[in-house]
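Undergrad: Chains as they are written, first to last, in this note's numbering: chain A, 8 to 385; chain B, 8 to 385.
FYI, nobody ran anything at the bench for these hints, they're computed from the structure. Quantities reported herein were computed from a predicted structural model and do not represent experimental measurements. Watch out, some of these pointers could steer you wrong.
One copy or any two copies: either way a pair holds, since identical chains are not told apart in the list.
Mimicking SDA-like on lysine to any residue, the simulated pairs with C-alpha atoms at most 20 Å apart in a straight line are [stated by the list, open to error]:
1) K49 with L332
2) K330 with N282
3) K300 with R62
4) K300 with F83
5) K372 with R231
6) K300 with I125
7) K300 with T44
Protein chains: 2
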Amino acid sequence: MFNFQITARSSRTRARTGVLHTRHGSVETPVFMPVGTAATVKSLTPEELLETGVRIILANTYHLYLRPGCETIGLFSGIHRFMNWSGPILTDSGGFQIFSLAKQFKISENGAAFQSHIDGSAHLLTPEKAMDIQLCIGSDIMMCLDDCIPYPATRQQAAEALDRTIAWARRCKNRAEGTTPALFGIVQGGMFEDLRQKAIDALTGIGFHGYAVGGLSVGEPKDRMIELSAFSLQRLPDSKPRYVMGVGTPEDLVEIVSLGADMFDCVLPTRNARNGQLFTETGTVNISNSRYKDDLSPIDPECTCYTCRNYSKAYLRHLFMAKELLAYRLNTIHNVYYYMNLMKTMRAAICKDAFDGFKDTFVRKRQATGYRQRMDAG
Amino acid sequence: MFNFQITARSSRTRARTGVLHTRHGSVETPVFMPVGTAATVKSLTPEELLETGVRIILANTYHLYLRPGCETIGLFSGIHRFMNWSGPILTDSGGFQIFSLAKQFKISENGAAFQSHIDGSAHLLTPEKAMDIQLCIGSDIMMCLDDCIPYPATRQQAAEALDRTIAWARRCKNRAEGTTPALFGIVQGGMFEDLRQKAIDALTGIGFHGYAVGGLSVGEPKDRMIELSAFSLQRLPDSKPRYVMGVGTPEDLVEIVSLGADMFDCVLPTRNARNGQLFTETGTVNISNSRYKDDLSPIDPECTCYTCRNYSKAYLRHLFMAKELLAYRLNTIHNVYYYMNLMKTMRAAICKDAFDGFKDTFVRKRQATGYRQRMDAG
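Okay, chain A solo, but in the shape it has when bound (with noise of 0.2 Å):
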């Protein structure tokens, strides 16, 4: 039901084109999947995804099990039919919103026992119970729950949420054996490079699907995010798809697609466009600016969104500086699709196998605007 081709390779970088598989249909890679959270990419419906070029989501795995429940999702056999999108939905464990969101938790060998953020009420989700739970949403792309540390960790406390983590991979995949979805490991170990190559050893060794790169972004200087996405990407499996999770700017994506990573996702697009920040190829737009009071022009006059087809700076800022609806939903259009038009021009980069001069000049145009993000923030 899943499987992953490689269809071109960069020569002078690691970065590759390649075909996600799943039982919803099929997804070009490099790819970035827009987080929805609560079964709605906030602000849009599913056709405006599909007109965005969106072709994958993430769904969370702790909200939908908190909220509406498995037994409401149930009823409709998973989340494709509740939310009205009918292409391939990536979950994830729940882990890290357990460790970021709940009021309280506690991990023991046998899981994660928390109070829920939103009433307070008791949980203990298992790897089996992650594994549960996204079959019921009807997940095409499983994530194995792991240990998710908070950074900075000790060695000791890395080392101890690794081994966690390895233990939970084997049983998530014991319990997912004879379902249809893919299931994912997710390598972890701080910012410990032999602990991230023993998570590589072990979860190749059982076995998956894909591989996911975690417990980055987690406040790490950059560069250290980038040193450790490479050291991972490197040693996983080149014939497995490779998913850099809760990454990042767009700056992240060029890079970390030229290490040869395959998937992403991240809050930015959708949250930094309900705080009224744009991204244009040219730098950051902050529409709050007053300086675009009586801007007649698109945010980006090179973009053929449906926002910048049809509406004006001073529209968008009006709307923003009124928080009216409006706002957040043509600005969420607009970041989304320049995320799917950067992934997209990626693609293209790389099957003419000029990817590397596509990154020199991404960079040098989207850096050139330091004035403009100085003077949007001033």
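Fit chain B to the supplied structure of chain A, relying on the hints for placement.
TA: Chain B in isolation, oriented as in the chain A frame:
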């Protein structure tokens, strides 16, 4: 540029159908105008407005004057281009919002001095300025500035406010002379029939493209609102469009169409949507009710709006409980479509001279679900 044609009449009621011709196209009446306060009907795009059947919207002069202001709007030659809506726009005068929203206000013969509810800045709205702002907005149908009194008001208060309203109407007419938009006068007079008669005599003496009945739905009993609508509507010129401002519920619209009204506006469909109150032929659904938690059916199985074609009550309830932005939008699409469909059904019934029969059936179906409404409230 503006004219009104009557196309059919109901023989057993005063209902009629017609066509308003404006410089931004024609509109069939009776018509309901959704409220687009700040150059946006909250959460919807212009394309969605058209898809739900909207042909004319109302914009609020007070809000647009304060934000983004005439200078910005002027750069776009009006809000049509600013907000990307190419259909007709009716603007109110700004008076009602001054009385209901401004921090402070003081009425004199000259106009209404007030402080902005946004930043406390001081402004003076005169009849002339109300015209200038509406002209700048690019309104297709402008409203005279009127003096809106609270409910209840004494006869003396009502009489004084009416004299001012009439004097202001004359000044508005003078200022608008030679401009292209239509201008409507507003019948005031509080709860006093003889004052309303005086308003009608004075305004028709001045002469306007259409006439509105104002000062209703301000807290008076429903029966009194209907009586005063009936009184005013039957005394206004038959050949001109008649607009009952700020009304109302589906039941109000049906009743007041039968009294000869052609135009309506109200925040009810849009505001109630954002509060989770959804209109159906058989009553009102409160989507937050726990009985919809696992309800796989749409809001109204007979409804053909985008929301009902694609989403279940369980999903809509989930979005609403999670305060997801998509909730407000999908709910708004449904409610606006319901209102548009109701008006269309009324127009068809009038054309077939079957309006009285339609009205009886309509009332019976909506009342039959007192049961569901009580359940939803409980």
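Undergrad: State for each hint whether it applies.
TA: Okay, the hints, checked on the actual structure:
no.: 1; hint: K49 with L332; in the structure: both (11 Å within a copy, 6 Å between copies)
no.: 2; hint: K330 with N282; in the structure: both (11 Å within a copy, 17 Å between copies)
no.: 3; hint: K300 with R62; in the structure: neither (35 Å within a copy, 29 Å between copies)
no.: 4; hint: K300 with F83; in the structure: between (46 Å within a copy, 12 Å between copies)
no.: 5; hint: K372 with R231; in the structure: neither (24 Å within a copy, 67 Å between copies)
no.: 6; hint: K300 with I125; in the structure: between (39 Å within a copy, 17 Å between copies)
no.: 7; hint: K300 with T44; in the structure: between (33 Å within a copy, 19 Å between copies)
Checked against the numbered hints above, the structure breaks hints 3 and 5 and satisfies the rest.
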